[in-house]
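Residue numbers for the sequence shown follow this note's numbering, beginning at 1 and rising by one.
Hints may contain errors.
Cross-link-like lysine-lysine pairs, in silico, DSS-like; alpha carbons within 27 Å at most [to be verified]:
1) Lys39 <-> Lys2
2) Lys73 <-> Lys39
3) Lys31 <-> Lys109
4) Lys109 <-> Lys73
5) Lys39 <-> Lys3
Simulated from the structure, these hints should not be mistaken for laboratory data.
Nothing here was measured: the structure is a model prediction, and the numbers come from that model.
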Amino acid sequence: MKKQKQGRIINIGSISAQMPRMNSAPYTSSKHGLVGLTKSTALEGREYGISAGCLHPGNTESELLLSGIGSNKEPMMSVNEIASAALTMAALPPNANMLEAIVLPVEQKYVGRG
1 MKKQKQGRII
11 NIGSISAQMP
21 RMNSAPYTSS
31 KHGLVGLTKS
41 TALEGREYGI
51 SAGCLHPGNT
61 ESELLLSGIG
71 SNKEPMMSVN
81 EIASAALTMA
91 ALPPNANMLE
101 AIVLPVEQKY
111 VGRG
């Protein structure tokens, strides 16, 4: 990326970096670390034309989430919807960056989750 003076890094974080679940301290901490890495990379990459952003998916039909939900059915998105969001980030012109993006099902509780 440095040689071509352009590039884009899209990290996949989690809504847990914004609002953690119970009993998820290690996972949530790792996602906070990824946000820090993303911001540092965006800062350090500027002079080389390299951008970095972090996509935070909400509830997504993945093996990780489905294994932990059990009978507590929460609103879900497909992995294709997350892929679409990543493609939107990737399609930005080189002089623009989406530093962080949260994508979640419309009915997923975000504010006041409790």
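Hints versus structure:
no.	hint	result
1	Lys39 <-> Lys2	holds (17 Å)
2	Lys73 <-> Lys39	violated (34 Å)
3	Lys31 <-> Lys109	holds (19 Å)
4	Lys109 <-> Lys73	holds (13 Å)
5	Lys39 <-> Lys3	holds (21 Å)
Hint compliance for this structure: hint 2 alone is broken.
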